[in-house]
Each structure stands twice: as C-alpha cells, then as structure tokens.
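**Student:** Chains as they are written, first to last, in our numbering: chain A, 1 to 244; chain B, 1 to 244.
Calculated cross-link-like contacts (lysine to aspartate or glutamate; reagent style DMTMM-like; alpha-carbon spacing at most 25 angstroms):
hint : chain 1 : residue 1 : chain 2 : residue 2
1    : A       : K185      : B       : E148
2    : B       : K149      : A       : E184
3    : B       : K185      : A       : E156
4    : B       : K185      : A       : E148
5    : B       : K142      : A       : E156
6    : A       : K149      : B       : E184
7    : B       : K149      : A       : E156
8    : A       : K142      : B       : E156
9    : B       : K169      : B       : E57
10   : A       : K149      : B       : E148
11   : B       : K185      : B       : E156
12   : B       : K74       : B       : D54
13   : B       : K74       : B       : E94
Keep in mind the hints are simulated off the structure, nothing from the lab.
2 protein chains.
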Amino acid sequence: MSGRLTVVGLGPGAARQMTPEAAEAVAAADILFGYAPYLARLPERPGQERRASDNREEIARASAALEAAVAGAKVAMVSGGDPGVFAMAAAVCEAIEHGPAEWRALDVEIVPGVTAMLAVAARCGAPLGHDFCAISLSDNLKPWPLVEKRLALAAEAGFVIALYNPISKARPWQLGRAFELLREKLPGSVPVVFGRAAARALGIEVILIARPLAPDVTAVERPAEAEAWLDGILAHGAGAERGA
Amino acid sequence: MSGRLTVVGLGPGAARQMTPEAAEAVAAADILFGYAPYLARLPERPGQERRASDNREEIARASAALEAAVAGAKVAMVSGGDPGVFAMAAAVCEAIEHGPAEWRALDVEIVPGVTAMLAVAARCGAPLGHDFCAISLSDNLKPWPLVEKRLALAAEAGFVIALYNPISKARPWQLGRAFELLREKLPGSVPVVFGRAAARALGIEVILIARPLAPDVTAVERPAEAEAWLDGILAHGAGAERGA
Numbered sequence: 001m002s003g004r005l006t007v008v009g010l011g012p013g014a015a016r017q018m019t020p021e022a023a024e025a026v027a028a029a030d031i032l033f034g035y036a037p038y039l040a041r042l043p044e045r046p047g048q049e050r051r052a053s054d055n056r057e058e059i060a061r062a063s064a065a066l067e068a069a070v071a072g073a074k075v076a077m078v079s080g081g082d083p084g085v086f087a088m089a090a091a092v093c094e095a096i097e098h099g100p101a102e103w104r105a106l107d108v109e110i111v112p113g114v115t116a117m118l119a120v121a122a123r124c125g126a127p128l129g130h131d132f133c134a135i136s137l138s139d140n141l142k143p144w145p146l147v148e149k150r151l152a153l154a155a156e157a158g159f160v161i162a163l164y165n166p167i168s169k170a171r172p173w174q175l176g177r178a179f180e181l182l183r184e185k186l187p188g189s190v191p192v193v194f195g196r197a198a199a200r201a202l203g204i205e206v207i208l209i210a211r212p213l214a215p216d217v218t219a220v221e222r223p224a225e226a227e228a229w230l231d232g233i234l235a236h237g238a239g240a241e242r243g244a
Numbered sequence: 001m002s003g004r005l006t007v008v009g010l011g012p013g014a015a016r017q018m019t020p021e022a023a024e025a026v027a028a029a030d031i032l033f034g035y036a037p038y039l040a041r042l043p044e045r046p047g048q049e050r051r052a053s054d055n056r057e058e059i060a061r062a063s064a065a066l067e068a069a070v071a072g073a074k075v076a077m078v079s080g081g082d083p084g085v086f087a088m089a090a091a092v093c094e095a096i097e098h099g100p101a102e103w104r105a106l107d108v109e110i111v112p113g114v115t116a117m118l119a120v121a122a123r124c125g126a127p128l129g130h131d132f133c134a135i136s137l138s139d140n141l142k143p144w145p146l147v148e149k150r151l152a153l154a155a156e157a158g159f160v161i162a163l164y165n166p167i168s169k170a171r172p173w174q175l176g177r178a179f180e181l182l183r184e185k186l187p188g189s190v191p192v193v194f195g196r197a198a199a200r201a202l203g204i205e206v207i208l209i210a211r212p213l214a215p216d217v218t219a220v221e222r223p224a225e226a227e228a229w230l231d232g233i234l235a236h237g238a239g240a241e242r243g244a
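If we strip away everything but chain A, and leave its shape as in the complex, we get (with noise of 0.2 angstroms):
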C-alpha cells in the first residue's frame, strides 16, 4: 500500500517553534487534514490539496484521512502542539481501532511537537519543574463528575495542574465551576496563568494552576479578548492571585 498517514504536531504556533520533522512531514504531503486555524498558518505549496474541518468531528476528520491514505494518498493531518496531547492522534489511534482492517495495515506516524502548556510554562520561569498534571475540561469524552474528581485529587496531590480546552461556546459553564472547586481546596495565593495560543481564534489554550513563582522571573498573562469570560468568572472570586 502506498498511501501513508502521518499526525503531525505543529507546536505552539511560531513556525521557529515547530520541528524540522513535523515541517518535512507537512512538505511531504499530497493532502493535508486539519482544523481550519492549524491549517492557516502553514505555506500553500502547488499540488498540495487542504481539507479544513471543525474542531468538534475529530473522528469524522481521523476517519476521512484514513481513507484518504488508504486510496494511497500522502496524507498528513495537523494538530496544533502536540498531538498526543488531548489531541487528533487519540482520534485517529481511535479510529483505527473500530474501523475496517485495511486501516490497520496503513503505515500511521505520529510526530510529536512543543505542546500549549510547555511554551506557556516557557514563558514564565518553571511552574513544571516539579510533578504536574494535564486536565482537560471538556466533558465530551468523559462524565463531568469524572473532571471534578480529577481536579481534587490533583490539588490534594499538590500537582501543578494545567487545564486543557478550559472554556468554548459549548462548554460555557466548565471553567467557573473548576475554579469553585479549586478554591476550596487550594491557597488565594496559587497563581494561575492564562496561555493564549498562537492563532488567535483559538483564544485561552492552556491554564496553568501554579505554585508560586519566584516574583522576579513571573510572568502572568490575562489576555484581553479573554476579558469578558474571566470577569464573570473570576467577579465570585477565584481564590487566585492574577498577577501583573
């Protein structure tokens, strides 16, 4: 079979973030599969055929670029970060795995890139420098009371924690009631840091629930298209101190 399909980690946006693997990978495809904003920031190169999709039909997209390589196409499909992490290599191992056996035999590759909470971390000094977890607050893959669990087990842990898909349209109310939560089990003095991602339609990628920081090598984002969510939220008080 000569098709092949290769999950291609993009990193945190600046393309001197992105490896030189996951930028061969790119170049060498006939067709590249990814949501829309991922797709934005690559060059078009003549030949090379896009196919955008929505963020929300991750297995639709797996599916549609299993076949693809199956037809015996070179396919990548693009993830922004890494994309191990809550992110289309689940999707597509997933796929794989209640699809028809020609999927199995395909040659699948999966290079990995600098995912949000690193390039957020590497922003302001080393808040994973000691044991950490990543959450992610969608509740489309799992129960909701399954998160809550996970996010005071992690505090009671004493883990730094990094939260994942904190907050969309459809998943309004999630975020808030982390943070409720938080507060009751964590110190006002735990700082949280709010990562924007690179493309700017993402908004709010990653957010980081610190330990303190050393004062002099802190910095604490709170973007301004972030504004409006965060009052309401943060207006009951969020038990967190936001820094400068």
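Since the structure of chain A is provided, determine the placement of chain B on it from the hints.
**Tutor:** Relative to the frame of chain A, chain B by itself:
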C-alpha cells in the same frame, strides 16, 4: 548589561526533533553549559566554549552560567527534552531567586522543547490523549513519602502516569517501590512503556503507566540495557503487562 542566559530544550534526541528556535539559541551562544551527554549531541563550533558538568550539580551549574552571563557572555544552558520539565529551568529560577540582585537584572529566556513523554507517547499510539500526570521519582528535591502519596492519588484519579528520573545508581530502589505501590492500585492489564533516551548514556528516561491502548497501534519498548534491573524489579511481579 550585554550578557544573557538562554535555557534551551534540545528535544528528545534527534536533530530533526529540535526546534529552529533552539538550534538558533545554541548557535548564537558564546558559552554552552550542560550535562555532558546533552552537549555531545551538538556540533562543535569554532570560538564557542563548552562547560560540561555532572548531572547532579544543577544549582552549581545554574550559578556558573548566571555568573558567565553577568560577566557579559551570551550563555546557553542546554537540557534534553524540555528545560521546564524536571530540568534546568527550575534550577536557574531557583538560583536567581536566592542569588545576588544582579542576576535578577539579567535577560533570561527559556526555549521550550519536546519533552521525553511526548516523544515516547508518539511511538506507541496516543497514551497521553486523555488526562495524565508527570511525576519525578527523584527524592532529591522532595521527601519520598510525598512521591508515594502522589502515585497513590494519581492512580485513584485514573491519570496516565509518566515517571521521570525513574532510576539511577544513587536511587536504586525507588522504581521498584513505585511499581509495588501501583500494583496494589491498578489492574494487571495496565501497560507499561519504557522510553529509552536518545543519548544512550542516559538509559531509561521516562516510563509511561498507561491505560490499555488499541492493540494494533501499541508498541511497547523494553531496551536491552535495562534487562538487568528490570528483571530484578519485575521478577517480583510488577502487576503490569509488558507486551511484545
């Protein structure tokens, strides 16, 4: 002040997995500091000085790098993977916090990289596609009972667990104790992935305690040089299926 310090993540090993941003920071440096096996990955450049050190001397190495930067040099401190994940960024921040005021006036930048767990996960499907945590088994910077508490809470939360700094000559029994504890908490069907570092000298760099993966996309690695100590640990039953 003309000097500056850049803390650079070299990624998991291969040059094509290092970001252009990291490669540029390394190329621009007058002096490279780092653990010898990381420095050995980088091409020699005339006029660029190298100061290799032992992996255990993190604060001393950070202080030496800060002193060189204060003296006017462009200094790059290199780490494998991402410098913020159990690596040099935390040591640099800590040194700055407790050091002289002039260190706080320095221009310090952290360049993120692909950390080991992302690279290992990419080779075996998508074990980090759902909530996960990263725990260092080193008890140099925290008491061992805290490690045990975190392992127990992570298992209770159902996190996929990435174990960093799993074993060393100075810490020979901790990994066995961690497996013993996790064996009590997790079903025997949970796969364990042993991720080998690109730099052979480093041995096993990260271990993923994963949820069951799709059988057709799973690759479980067990590096030959780890046989001796793994046999010792696993002979007593790790409660873990190690796969093919």
